[in-house]
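Given the coordinates of chain A, work out where chain B should sit on it, guided by the hints.
Number of protein chains: 2
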Amino acid sequence: MSAAIAPRPVPVALVGLGGVGRAILSQLLSPPLSNRFNLVFIANSRQSLSLPLPASPLTPTNYAPILEKYGTPLDVTSIISVLSTHPDAPGIFIDSTGSEIIPGMYPQILSMGVNIVTPNKKGFSSSEALYKAINEASYPNTRTLVYGESTVGAGLPILSTLKDLVETGDEIEKIEGVFSGTLSYIFNEFSKPEGGNVKFSEVVKIAKDKGYTEPDPRDDLSGTDVARKLSILSRLIPTSPSLPEGYASVPTESLVPEVLSNASTKEEYLERLAEGDEYFDKLREEAGKEGKVVRYVGVIDLKEGKVEAKLGKYPNDHAFATALKGSDNIISFHTKRYSPRPLVIQGAGAGADVTAMGVTSDMVKIHERLTTRI
Amino acid sequence: MSAAIAPRPVPVALVGLGGVGRAILSQLLSPPLSNRFNLVFIANSRQSLSLPLPASPLTPTNYAPILEKYGTPLDVTSIISVLSTHPDAPGIFIDSTGSEIIPGMYPQILSMGVNIVTPNKKGFSSSEALYKAINEASYPNTRTLVYGESTVGAGLPILSTLKDLVETGDEIEKIEGVFSGTLSYIFNEFSKPEGGNVKFSEVVKIAKDKGYTEPDPRDDLSGTDVARKLSILSRLIPTSPSLPEGYASVPTESLVPEVLSNASTKEEYLERLAEGDEYFDKLREEAGKEGKVVRYVGVIDLKEGKVEAKLGKYPNDHAFATALKGSDNIISFHTKRYSPRPLVIQGAGAGADVTAMGVTSDMVKIHERLTTRI
Numbered sequence: 001m002s003a004a005i006a007p008r009p010v011p012v013a014l015v016g017l018g019g020v021g022r023a024i025l026s027q028l029l030s031p032p033l034s035n036r037f038n039l040v041f042i043a044n045s046r047q048s049l050s051l052p053l054p055a056s057p058l059t060p061t062n063y064a065p066i067l068e069k070y071g072t073p074l075d076v077t078s079i080i081s082v083l084s085t086h087p088d089a090p091g092i093f094i095d096s097t098g099s100e101i102i103p104g105m106y107p108q109i110l111s112m113g114v115n116i117v118t119p120n121k122k123g124f125s126s127s128e129a130l131y132k133a134i135n136e137a138s139y140p141n142t143r144t145l146v147y148g149e150s151t152v153g154a155g156l157p158i159l160s161t162l163k164d165l166v167e168t169g170d171e172i173e174k175i176e177g178v179f180s181g182t183l184s185y186i187f188n189e190f191s192k193p194e195g196g197n198v199k200f201s202e203v204v205k206i207a208k209d210k211g212y213t214e215p216d217p218r219d220d221l222s223g224t225d226v227a228r229k230l231s232i233l234s235r236l237i238p239t240s241p242s243l244p245e246g247y248a249s250v251p252t253e254s255l256v257p258e259v260l261s262n263a264s265t266k267e268e269y270l271e272r273l274a275e276g277d278e279y280f281d282k283l284r285e286e287a288g289k290e291g292k293v294v295r296y297v298g299v300i301d302l303k304e305g306k307v308e309a310k311l312g313k314y315p316n317d318h319a320f321a322t323a324l325k326g327s328d329n330i331i332s333f334h335t336k337r338y339s340p341r342p343l344v345i346q347g348a349g350a351g352a353d354v355t356a357m358g359v360t361s362d363m364v365k366i367h368e369r370l371t372t373r374i
Numbered sequence: 001m002s003a004a005i006a007p008r009p010v011p012v013a014l015v016g017l018g019g020v021g022r023a024i025l026s027q028l029l030s031p032p033l034s035n036r037f038n039l040v041f042i043a044n045s046r047q048s049l050s051l052p053l054p055a056s057p058l059t060p061t062n063y064a065p066i067l068e069k070y071g072t073p074l075d076v077t078s079i080i081s082v083l084s085t086h087p088d089a090p091g092i093f094i095d096s097t098g099s100e101i102i103p104g105m106y107p108q109i110l111s112m113g114v115n116i117v118t119p120n121k122k123g124f125s126s127s128e129a130l131y132k133a134i135n136e137a138s139y140p141n142t143r144t145l146v147y148g149e150s151t152v153g154a155g156l157p158i159l160s161t162l163k164d165l166v167e168t169g170d171e172i173e174k175i176e177g178v179f180s181g182t183l184s185y186i187f188n189e190f191s192k193p194e195g196g197n198v199k200f201s202e203v204v205k206i207a208k209d210k211g212y213t214e215p216d217p218r219d220d221l222s223g224t225d226v227a228r229k230l231s232i233l234s235r236l237i238p239t240s241p242s243l244p245e246g247y248a249s250v251p252t253e254s255l256v257p258e259v260l261s262n263a264s265t266k267e268e269y270l271e272r273l274a275e276g277d278e279y280f281d282k283l284r285e286e287a288g289k290e291g292k293v294v295r296y297v298g299v300i301d302l303k304e305g306k307v308e309a310k311l312g313k314y315p316n317d318h319a320f321a322t323a324l325k326g327s328d329n330i331i332s333f334h335t336k337r338y339s340p341r342p343l344v345i346q347g348a349g350a351g352a353d354v355t356a357m358g359v360t361s362d363m364v365k366i367h368e369r370l371t372t373r374i
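Top line first, the protein sequences correspond to chains A and B.
If you read the first sequence in the UniProt record's numbering, its first letter stands for residue 1, the second for the next number, and so on.
If you read the second sequence in the UniProt record's numbering, its first letter stands for residue 1, the second for the next number, and so on.
One chain only, chain A, in its complex shape (with noise of 0.2 Å):
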């Protein structure tokens, strides 16, 4: 029973090499995870390469001229198979792209024994039967796990935090946060308590040019992230209303005003963005008045059974006015437990390294599930 515990090199394929990709890659090839995984497979959405290399072994820096030179074209399928018949199974395929294909396949994935873990939020975020065919194909149900910490605050321990309070018995009251890290900072900057008159076409831009958006920034301000992790969270709450198209089914506020809605491609909307100046200088200007600042939140309201993406107006002194800075998230858990004062979690919520570190944070809770055996 007290016997020591052989390491057993986890099976694992990384599927996508974008940015999270390439650090998760870093992080799995680096101690201290090296010793328990075994890269099998990389790959990206046109190639895959089977491990480990005849000659060299692979580093974070020299993969991508060796998948482009010795890789087959993606086949998940044949991944899928050589994880689940691995000597080493059950394995972990960790999905790190942002398709919406692969996601469909998990019930199948799971079905087949093998682990996934992904930031990915389209399986969790999208229709319901989806995320029951998920849910029906992993553990509980099944002895086949489906990790997604990162699909939500990054690295930041967001669901593990609300799956501790369920769990335990405790009473959601209302979730409440800044959860995109774009409109995060794209709000810091435009509504400050201290006032200010910079413009919110400005701040769009500033922005774009560092990179914090994506490359139409419509998808950031459109409110869809947002909605997407609002349906991750709300889906681990037994109370919470039902959501059976997923983000699709939460209102959400879009902060792309009446007079662009017509801007057909990115470039006529970023050059027309200050023609939505007036309508946001109108919002922080009512909101000033009442000693307040703006801030585009996610609310989860279990009392009122509500579950929204919107523009919403905070006191001066609030966290959302007060703490938050950059590009941070800042998620408050409002429980009956936690009451009067909510359970609080602030830090960058985006990012390569850190939504890496919550991908792989999560590949070592599976390996110490997979190595705890009695």
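Simulated from the structure, these hints should not be mistaken for lab results.
From a predicted model like this one, the values you see are computed outputs, not experimental measurements.
Be aware that one or more of the hints could be misleading.
What the hints assert, rightly or not - Part of the chain B face toward chain A, derived, beta carbon under 7 Å:
| hint | residue |
| --- | --- |
| 1 | Asp164 |
| 2 | Glu167 |
| 3 | Thr372 |
Said to hold, decoys possible - Using 30 Å as the maximum straight-line C-alpha spacing, the simulated BS3-like pairs for lysine-lysine come out as follows:
| hint | chain 1 | residue 1 | chain 2 | residue 2 |
| --- | --- | --- | --- | --- |
| 4 | A | Lys336 | B | Lys163 |
| 5 | A | Lys192 | B | Lys192 |
| 6 | A | Lys163 | A | Lys325 |
| 7 | B | Lys192 | A | Lys313 |
| 8 | A | Lys310 | A | Lys282 |
| 9 | A | Lys303 | B | Lys325 |
| 10 | A | Lys132 | A | Lys174 |
| 11 | A | Lys163 | A | Lys174 |
| 12 | A | Lys289 | B | Lys325 |
| 13 | B | Lys325 | A | Lys192 |
| 14 | B | Lys266 | B | Lys313 |
Claimed, not checked - A short list of chain A residues far from chain B (calculated; beta carbon distances all over 10 Å):
| hint | residue |
| --- | --- |
| 15 | Thr72 |
| 16 | Ser222 |
| 17 | Thr252 |
| 18 | Ala274 |
| 19 | Asp281 |
Even glycine gets a Cβ: it sits at the ideal position worked out from N, Cα and C.
For chain B alone, kept in the frame of chain A given last:
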């Protein structure tokens, strides 16, 4: 590999029925936990009771007279024997006492294959010899688990977050926080960004009357509780300075002023408390002139190689001045990845229900690890 998991209630002994122990009992007997755990013993410092009862089931309200009537003298060794040979072993031993003796038995308990969950800081914050013996007898060296999430920050995810940071290869630069709910309350009332002239002795008396302090407030004001929490955190960081005597090796500023150090009883101390006011008035005045507030903090500074519990001055716009309320804890993790802004966790860090939640969420994690057999 993907067969459904037969629910296997894990046998549990709960020793210690003070405020936290009673809240643990209440959580364990209620959904969603009552199906996962099988309470086979409850005990206070004198008596233990073997369960289930022949007659009516145990409830959070009927246990006290039943234990009094049917209990037998407490014998920890025989409780452990029963847990380790139970048909559903391995079981979990909950040490919810303030004992120094039971933590000395952890290595033995673990080596008998019994998992431990505890809010008792003493096993992890005393001598390095004991700490090492506990580690050697537990995972990953053996299959047996010892979890103590609630020893720091109660139900707040402090230890688990630090473990995630360390295990995924982040570099901790500094951990800084207000770790004592009692001292948080006292200084949040005594030293405010907007000023104020309440006396230190008055605030201590109010805190005592509200039940926020130990019966002898010097137990809080000595800083020992903070020093214990710092040693627990520090020992999870590979690059941290060694603390051979645990909390006793941590430089700790006492808040019992020089002039009161000769008070021999708590009654005398409380009576003479106002003699220390001049000292604290001066501290607050000095801080105020610099635009700062006074807080009692714990600091682990890896760059300086220092672990300290001390009074610190923080600018009026610092989170420790603006965001901290009531008796909340606030802990900031400055790391290579979380830079320049730290990862911050805030909320109630003391209280029976939230401390019990830290215990029962550890138990859920052990339950998951025991039931994920491949």
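Here is how each hint holds up against the structure:
1. Hint status for aspartate 164 of chain B: holds, given a least beta-carbon distance of 4 Å to chain A, under 7 Å.
2. At a threshold of 7 Å, the smallest CB-CB gap from glutamate 167 of chain B to chain A is about 5 Å, leaving the interface hint in force.
3. For threonine 372 of chain B, the shortest C-beta to C-beta distance to chain A is roughly 4 Å, which falls under 7 Å, so the interface hint holds.
4. At most 30 Å may separate the alpha-carbon atoms for a hinted pair to count; lysine 336 of chain A and lysine 163 of chain B meet this at roughly 27 Å.
5. Between lysine 192 of chain A and lysine 192 of chain B, the direct Cα distance comes to roughly 22 Å. Compliance with the 30 Å bound is thereby established for this hinted pair.
6. Between lysine 163 of chain A and lysine 325 of chain A, the direct Cα distance comes to roughly 27 Å. Compliance with the 30 Å bound is thereby established for this hinted pair.
7. Taken as a hint, the lysine 192 of chain B and lysine 313 of chain A pair is honoured in the structure, with Cα atoms around 25 Å apart against an allowance of 30 Å.
8. At roughly 16 Å between alpha-carbon atoms, lysine 310 of chain A and lysine 282 of chain A fall within 30 Å of each other, so this suggested pair holds.
9. Between lysine 303 of chain A and lysine 325 of chain B, the direct Cα distance comes to roughly 24 Å. Compliance with the 30 Å bound is thereby established for this hinted pair.
10. Taking the CA atoms of lysine 132 of chain A and lysine 174 of chain A, the gap is near 24 Å; set against the 30 Å cutoff, the hint holds.
11. Taking the CA atoms of lysine 163 of chain A and lysine 174 of chain A, the gap is near 14 Å; set against the 30 Å cutoff, the hint holds.
12. Taken as a hint, the lysine 289 of chain A and lysine 325 of chain B pair is honoured in the structure, with Cα atoms around 26 Å apart against an allowance of 30 Å.
13. For the given pair, lysine 325 of chain B sits about 22 Å from lysine 192 of chain A by alpha-carbon distance, which is consistent with the 30 Å threshold.
14. For the suggested pair lysine 266 of chain B and lysine 313 of chain B, the alpha carbons sit about 29 Å apart, so the restraint of at most 30 Å is met.
15. Non-interface status of threonine 72 of chain A relative to chain B is upheld: no Cβ of that chain comes within 10 Å, the nearest being about 27 Å off.
16. No Cβ of chain B approaches the Cβ of serine 222 of chain A within 10 Å, the least distance being about 26 Å, so the stated non-interface status holds.
17. Chain B leaves threonine 252 of chain A outside its interface by the beta-carbon criterion, the shortest separation being 27 Å against a cut-off of 10 Å.
18. In this structure alanine 274 of chain A is separated from chain B by more than 10 Å, as the shortest Cβ-Cβ distance comes to about 30 Å.
19. With a cut of 10 Å on Cβ distances, aspartate 281 of chain A stays outside the contact zone with chain B, its closest approach being about 26 Å.
Figure legend: structure checked against the earlier numbered hints; every hint is met.
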